[in-house]
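Sequence lines, in order, name chains A and B. Everything in the first sequence is counted per numbering that gives the first Met the number 0, starting at 0 for the first residue and increasing by one. Everything in the second sequence is counted per numbering that gives the first Met the number 0, starting at 0 for the first residue and increasing by one.
Fair warning: there could be bad hints in the mix.
What the hints assert, rightly or not - Label pairs and their calculated CB-CB ranges: (1) B:ARG116 with A:ALA35: 28 to 38 Å; (2) A:PHE185 with B:ASN172: 28 to 38 Å; (3) A:PRO39 with B:PHE189: 33 to 43 Å; (4) A:ASP173 with B:GLN41: 40 to 50 Å; (5) A:ASN101 with B:GLN41: 41 to 51 Å; (6) A:ALA35 with B:ASN172: 51 to 61 Å; (7) A:ASN101 with B:ARG116: 19 to 29 Å; (8) B:GLY59 with A:SER97: 53 to 63 Å; (9) B:SER88 with A:THR150: 32 to 42 Å.
Worth flagging that the hints you see were computed from the coordinates, not collected in a lab. Virtual Cβ for every residue (Gly too), placed ideally from N, Cα, C.
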Amino acid sequence: MNHYFIKCLTILIIGSISTSLYCQQKYERESRLKPADVPPAALEFIESAEITSKVKWYIEYGLETKSIEAKFKLNNKRHSVEFDTLGTLDDIEIEILSKELNTNLKKSIDIALSGNCSNHKISKVQKQYTGNQNVLLSLLKNQDFAGNFTTKYEIITSCENESKTEQYEYLFNDEGKLLQQFKIIFSNSSNLEY
Amino acid sequence: MNIRLLSLFKFIFSLLLTGSSYSQSTYQFGILPSINLNKKLQKDWSLNFKTQSRQRIQNGDFRGNHTKEYEYLLTDFSILSAKKVGLNSRISGGYLIRFRNEEIIHRTIQQYSIVKRKTGFRLAHRIAADQSFSSNQSPEFRFRYRLTPEIPLDGQTVDPKEFYIKTNLEFLNKFQSSDYELEFRLAPLFGYSFNDRNKLEFGLDYRFDSIFVTDPRHSFWTSINWYLNF
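Build the full structure now, drawing on both the sequences and the hints.
Encoded structure:
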């Protein structure tokens, strides 16, 4: 029995190593970043915003892009401030509840999603602000939402179609027009299930 | 979330320590390596093959009596067929064969699992039932629930070439003839993701069987799990 078991294990190990070498794929990933490794301009922006809660820094690798992200909680809402690798501000994202969406906007989003999905359920909404750095700094520091900036909405939703459920990320403008959509690929969870 | 989990662990440990007479307990140490292969099929179907072997290195009681001797105990081979039934959930069913000394045990398995993706961690729930049959024992029926949080050690998700911590917390209700036993398992594991299809975990698999009896057994297995996906 022992001999048979060792033989089986050897075959499984050799088989799996040779297969996994040919199955390499690229993934988007993120890593924690020490404040000392953050571009000075990004650090300076967050310091200027006088964030009192703990700020966590991340570096995010896309397929061909790299960005720096500061994540923190402000007024009990999750904030994410994204910069390029030189520390230039890209956008500010604030997580909100779907019920906080304006009624007309929510209606437009629902109509757009209904066109794509037979059934959908929104699981996360982020309000995305882009524009002049000083205006966005004022938004963050003084909660000044009256400035001249562009607002978009990043919506994560489960979408059911032909008895198959997938998760998508949609980007809408402030009038509810669909700008972009991505299918979210989940990482493998077999180590949690078996 | 972490504080809630810690409180839960503390509660369970206090329950175990107060519920058992420590001096009458026995223990065993050993190793428990496993290989877990998953094959994705069409239309949300998948197959899971698992082999696990149990080998004892030492056993004894808490009064100081012990035997230090390597002993091969058993090997399991199982195959489960699974179907994704929701965005994050799957139902599975299959068969396990266990070789233990001269004895062969056949087991049928049914399970439902759901993986929740939270900010900064994943949380899996598994509800399972199994039925074991062998020629010299009465059939055994088990109903089990397992909770598994997985926390990345870098960033908010477990990415390739990153370490993570995973903890299995499981309760097993066992029915055999007219006997009932409740087993508790806790497995804190340290994992490494070579890539999304290849993960290795190492840690302790602690099992406390027979919570409600006066002479329970504590098992401490060194667990090494290899997960491969095709």
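Evaluation of the provided hints:
no.	hint	result
1	B:ARG116 with A:ALA35: 28 to 38 Å	holds, 31 Å
2	A:PHE185 with B:ASN172: 28 to 38 Å	holds, 31 Å
3	A:PRO39 with B:PHE189: 33 to 43 Å	holds, 36 Å
4	A:ASP173 with B:GLN41: 40 to 50 Å	holds, 41 Å
5	A:ASN101 with B:GLN41: 41 to 51 Å	holds, 42 Å
6	A:ALA35 with B:ASN172: 51 to 61 Å	holds, 52 Å
7	A:ASN101 with B:ARG116: 19 to 29 Å	holds, 27 Å
8	B:GLY59 with A:SER97: 53 to 63 Å	holds, 58 Å
9	B:SER88 with A:THR150: 32 to 42 Å	holds, 35 Å
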